[in-house]
Amino acid sequence: MTASPERFDTLIIGAGMSGLAAGIRLALFDQRVAIVEKHSLWGGLNSFYKLGGRRLDVGLHALTNFMAPGTPGAKARPLARILRQLRIPFADLALGEQHGSEVAFPGVRLRFSNGLALLTEEIATHFPAERDGFARLVAAVTDYPPVEAEERSPSARVVLREYLRDPLLVDMLLLPLLYYGSPTPNDVAWSSFVVLFKSLYEEGFARPEGGVRRILELLRGRYLEAGGELRMRCGVEQVLSRDGRAYGLRLEDGRELRADRILSSAGRVETLRMAGPEQAAQIQPGDIGQLSFVESISILDTPPADLGHAATITFFNDAERLVYARPDEPVDYRSGVICCPGHYAAEEPHEPALRLTLLANHARWSALEDADYYALKERVWDLGHAAITRYAPDVRPHTIFKDVFTPRTIEHFTGHLNGAVYGSPRKRSDGRTPLEGLFLCGTDQGYLGIIGAMLSGVAMANRHALAGGSGKADTVLSGVQP
Amino acid sequence: MTRDEIIAAVRDIIHTIAPDEDLSNLNSQERLRDQIELDSMDFLDIVMELRKRYGVHVPEEDYKELSTLDGCADYLAPHMADKELKLSV
Numbered sequence: 001m002t003a004s005p006e007r008f009d010t011l012i013i014g015a016g017m018s019g020l021a022a023g024i025r026l027a028l029f030d031q032r033v034a035i036v037e038k039h040s041l042w043g044g045l046n047s048f049y050k051l052g053g054r055r056l057d058v059g060l061h062a063l064t065n066f067m068a069p070g071t072p073g074a075k076a077r078p079l080a081r082i083l084r085q086l087r088i089p090f091a092d093l094a095l096g097e098q099h100g101s102e103v104a105f106p107g108v109r110l111r112f113s114n115g116l117a118l119l120t121e122e123i124a125t126h127f128p129a130e131r132d133g134f135a136r137l138v139a140a141v142t143d144y145p146p147v148e149a150e151e152r153s154p155s156a157r158v159v160l161r162e163y164l165r166d167p168l169l170v171d172m173l174l175l176p177l178l179y180y181g182s183p184t185p186n187d188v189a190w191s192s193f194v195v196l197f198k199s200l201y202e203e204g205f206a207r208p209e210g211g212v213r214r215i216l217e218l219l220r221g222r223y224l225e226a227g228g229e230l231r232m233r234c235g236v237e238q239v240l241s242r243d244g245r246a247y248g249l250r251l252e253d254g255r256e257l258r259a260d261r262i263l264s265s266a267g268r269v270e271t272l273r274m275a276g277p278e279q280a281a282q283i284q285p286g287d288i289g290q291l292s293f294v295e296s297i298s299i300l301d302t303p304p305a306d307l308g309h310a311a312t313i314t315f316f317n318d319a320e321r322l323v324y325a326r327p328d329e330p331v332d333y334r335s336g337v338i339c340c341p342g343h344y345a346a347e348e349p350h351e352p353a354l355r356l357t358l359l360a361n362h363a364r365w366s367a368l369e370d371a372d373y374y375a376l377k378e379r380v381w382d383l384g385h386a387a388i389t390r391y392a393p394d395v396r397p398h399t400i401f402k403d404v405f406t407p408r409t410i411e412h413f414t415g416h417l418n419g420a421v422y423g424s425p426r427k428r429s430d431g432r433t434p435l436e437g438l439f440l441c442g443t444d445q446g447y448l449g450i451i452g453a454m455l456s457g458v459a460m461a462n463r464h465a466l467a468g469g470s471g472k473a474d475t476v477l478s479g480v481q482p
Numbered sequence: 483m484t485r486d487e488i489i490a491a492v493r494d495i496i497h498t499i500a501p502d503e504d505l506s507n508l509n510s511q512e513r514l515r516d517q518i519e520l521d522s523m524d525f526l527d528i529v530m531e532l533r534k535r536y537g538v539h540v541p542e543e544d545y546k547e548l549s550t551l552d553g554c555a556d557y558l559a560p561h562m563a564d565k566e567l568k569l570s571v
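Sequences listed follow chains A and B, in order. With my numbering, the residue at position 306 of the first sequence is 306, and numbering never jumps. Quick note, my numbering runs 482 ahead of the 1-based positions in the second sequence.
So here's chain B without its partners, still in its complex pose:
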């Protein structure tokens, strides 16, 4: 998966978790939490969906790496390079 695909994968997960949020204007450098309504329980869902869809295990101490879309791409790239993008919508 390319960097852009990883971002698409994360956006798709966020859409599954929070279908009412408008994600079209998400800035990839800004913290997700500052742009859309996501609480700690929703962050757990991002981690759990990554595990479920792509088999990526994010250890608890690394959750902080996922606070922006760019951060997600940086952190996930080595784990997801050989995975295929699965979109739910």
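The shape of chain A in the complex, shown without the other chains:
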């Protein structure tokens, strides 16, 4: 019990996409690194689990940022860059492209697929007056500087007014982007809009053969092979610090680990709370994210295509205006995302399935007694599928197996307060905290989607743990380039 604490170069909190990616970078360059993960499954916000003999995915509907190798410019795009940094061959992801997706509002539907061609055509057809504005918007997105601090970025809705006049088109373009990455109600920072626009519309959707577990297994394998340690069921009680500098972690079982630096993917507020009362006092009202979701997966006896539903992902809104905000009720049925994991090019056959994601209120779900909680899950599955029949077939009679997870499930498995999938609305892109030697990676950095999660892990590992830790390397390195 009195053995001296183990020493590491870097400790990483959380075995999600960002923590694993950061770990790979550090292990590749011979650091002694350990990832500590509270749960017995890795993956964090994007994971997989087994239930009733089935292996199910949570989180990931699609891998965004898909660009086929050989497409001009593809090598400079996030997907190729991240794979180079992690030394994972593109082919290992076994990506299958989407069949085609859509944004559906009352009376109008915009289809889109990988690359901007179809979306541009659809806008010309349904919003002819906005054709030029959309072309100018695409140009503005292309010209936007690659890195800009999120905290200074204006609202996307304000910027979009310079390009588009029809509020319906603005809502339609925003819907997928908000659902796939905005921690801010009804809006998103312009800098994030640009990143999301590129990753969803300019690039596109693909699915790894076998789902998210394929990516997670690749990451985990790469990390272990490079010599990293992965400690599961290893919750962190406290980040230890002295004189403003973090020096280790106290685990829930009382053991202590020491390290030169700590990278936390737990979220900004969550990490500050672990760092003790003095750091926690810096948390401002509004720092904690409010947006969470209910998600269901239904395994079907019939492929959705045979029921007349062809889209890979349908982003729908049934109300007059789009409302992307925490509902007062447990669930908001007016808008959401419908995903058919079978509607991607794939080699292996799999069971037909349909997933439905709706906005939800964490507090309402958390207040429930267990029996009421389970009853509400059942009811929300039923009402949710009844509510979307304008945009998807009624799969209820065809469902042979289902599971529903809620803000409560998300909070439990990810540690994100309020089950806020996209974390705090206040992002810190440099990953710094008030403590020296303690850095953030992951969702509270403002990178988006699973490619963004991996990119944040890589960028923070490079900047704070590999390049001398001064953060100067970014500038010096970019000086090497034009």
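Please keep in mind that the hints were generated in silico from the structure rather than gathered at the bench. For clarity, every value in this text was computed on a predicted model and none was experimentally measured. The beta-carbon is built from N, C-alpha and C at its ideal position, and this holds for glycine as well. Please note: incorrect hints may appear among the correct ones.
Short, incomplete list of chain B residues facing chain A, as computed with Cβ under 8 Å [to be verified]:
# : residue
1 : Ile499
2 : Leu526
3 : Lys534
4 : Val540
5 : Glu542
6 : Glu566
Starting from the known structure of chain A, fit chain B onto it as the hints suggest.
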């Protein structure tokens, strides 16, 4: 290591980092960045691999010396003269 071996060592590192790039026509005087897709993160990898394979520490202020293959050879020669070439492929 000779100058040519140093260049071979750097090319091998680039191949490890970016296996999909065709390196056969690399010009040693032109900036690497202008010939193949390498971003600042990849440049960091060249530096880190040099450290890992040959124990050479390139301080941040000298990263700019590595922008061409010839530049790499000039800069690394004094540090790598007594090292042996290690190829990964």
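Okay, the hints, checked on the actual structure:
| no. | hint | verdict |
| --- | --- | --- |
| 1 | Ile499 | 6 Å, holds |
| 2 | Leu526 | 5 Å, holds |
| 3 | Lys534 | 6 Å, holds |
| 4 | Val540 | 10 Å, violated |
| 5 | Glu542 | 5 Å, holds |
| 6 | Glu566 | 19 Å, violated |
Comparing the model with each earlier hint shows violations of hints 4, 6; every other hint is respected.
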